[in-house]
Amino acid sequence: MPTVQMTQHLYRFFPVLENRTIRVPAGSVAEVLHALNEIAPGFIDYVLDESGALRRHVNLSVNDTLVIDRKNLSDHVQDDGTVYIFQALSGG
Amino acid sequence: MSNMILLGTRKGTVILDYKNSTWYPRPIEHAGIPICYATRDPRDGTLWASLDHGHWGPKLSRSRDGGATWEDVLSLKYPKGARYIVKVLPTPDFDPLAPAGQPEYADATVFKIWNLAFGTAAQPGRLYAGTIPGGLFVSDDGGDNWALNRPLWDHESRGGDLFAGDATSENRWFGTPASIDYGVFEPGIHSIVVDPRNPEHIHVAVSSAGVLETTDGGRTWAGRNRGLLNDYMPNPEAEWGHDPHFVTGCAGQPDHLWQQNHCGVFYSDDGAKSWRKVSQPDAGVHFGFPIAVDAQDGCTAWVVPAQSDMARMAIGGGLCVARTTDGGQTWQSFRKGLPQEHAYDIVLRHGLDVAGDRLCFGSSTGNVYLSEDRGETWQCLGNNFPPVYSVRFG
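Taken in sequence, the protein lines are chains A and B.
Mapping to our numbering: the first sequence position 45 is 45, numbers consecutive.
Basically our numbering = 1-based index in the second sequence + 92.
So that you can see chain A by itself, here it is in the shape it has in the complex (with noise of 0.2 Å):
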């Protein structure tokens, strides 16, 4: 199952998501997405807007790579993968 990683920003509103290892099902990343909202109820409203697209000053990566579809989250997450969630760099 891959392994979600994120910015320790999101323990202060999460603290269910803290020092632990988060393991979801592989499928695309609106899946992982939803299947972390179950863990922990209103990440998804952290992350996404209600179109479901990704929040203009937030990245998502699959491994190293920056998620293309940031619309739809689209993106294949594989069972081996890592997905990394931060925030964009806004200011200096």
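Among the hints, a few may not be true.
Claimed, not checked - The calculated lysine-lysine pairs, modelled on DSS-like cross-linking and capped at a C-alpha distance of 25 Å, are:
| hint | chain 1 | residue 1 | chain 2 | residue 2 |
| --- | --- | --- | --- | --- |
| 1 | B | K172 | A | K71 |
| 2 | B | K111 | A | K71 |
| 3 | B | K428 | B | K111 |
What the hints assert, rightly or not - Partial list, computed: chain B residues near chain A (C-beta under 8 Å):
| hint | residue |
| --- | --- |
| 4 | G149 |
| 5 | L166 |
| 6 | Y170 |
| 7 | D199 |
| 8 | V202 |
| 9 | R218 |
| 10 | G275 |
As the list claims (entries may be wrong) - Chain A stretches covered by chain B per the calculated footprint, using a threshold of three residues with CB under 8 Å from any CB of chain B:
| hint | region |
| --- | --- |
| 11 | 26 to 37 |
| 12 | 43 to 49 |
Because the hints were derived from the structure by calculation, they are not lab data.
Just so you know, even glycine gets a beta-carbon here, dropped at the ideal spot from N, CA and C.
Chain A is fixed; fit chain B onto it per the hints.
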């Protein structure tokens, strides 16, 4: 008189409590998160803060225990199919008289929850929220669920019902500079005034469109901009495109409405059927953002004048508050207790409030001042707060 002040600041929510003749700030809540509006529901004491997360999207936060604990309220969202006509920030060669091209549409998402208002005591659980991009949301269960007010969203002044298809009329709402931070140039609803006599009667103000009124609980809306004058359009009396910075009403005399507009101070004593300009530029009363009105006397209002509009700073390096008690015919400026040199503060649209004889304002440079005598003298409650976006008595 209220013994609580809520500050929405660039770095969180600050609550000040009045005890033993002194105001004490509590440790900051939502630390590090911009709070564009914080307020208290007078009906049940619930505290509300509008979070303006830079990365994680706008959200509401609610406390039902006086601020001891807070919970996210994630339910305020545009419904699927909500679209708007994209506005483009005017460029130097913008020609307002040029024929409009084909409209471009975008799916609506909440950029900012700019303002919250409450229904009357007869409507427990009724809340209103105004957003960028220009949506009025209504809740009837204390904020657990929200619905977009479709008649306003679908208004002919915005292009009609875009859920159903392409625009059927021209979009006459302009963008607000407050939206540029979100990478767009769209309008925003920053003022919601509910008539205490009749909760079906509501005014909202939009930057940059103007004032709209409903008398049937939001089923129909009409523009109420007669008498407004703008300085930046070919037709100063155009029906739309006005830039109210904030609109508020007198609770005891709800037909008395006040507006600090980009182009002056305007007053209505007929429920916004007509406005009249009551600026007094010679006295500095013209440009600014906030305005407050007495709860009983609709002829009494306060503004915090600012230097118009290229500079947007205190006039002459000194802060003052101006008050009228005769419906704007005359204004009196008060400076005692306020800095009179090297002050560059600007007080933003939600940054001034009144409760009885008390007034309080907070500035973009983190200064907070309080008056106990209807604005005549002032004391400083702190100089080192984060930039203040909103001040509301609890």
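Hint numbers the structure violates, sorted upward? 2, 9 and 11
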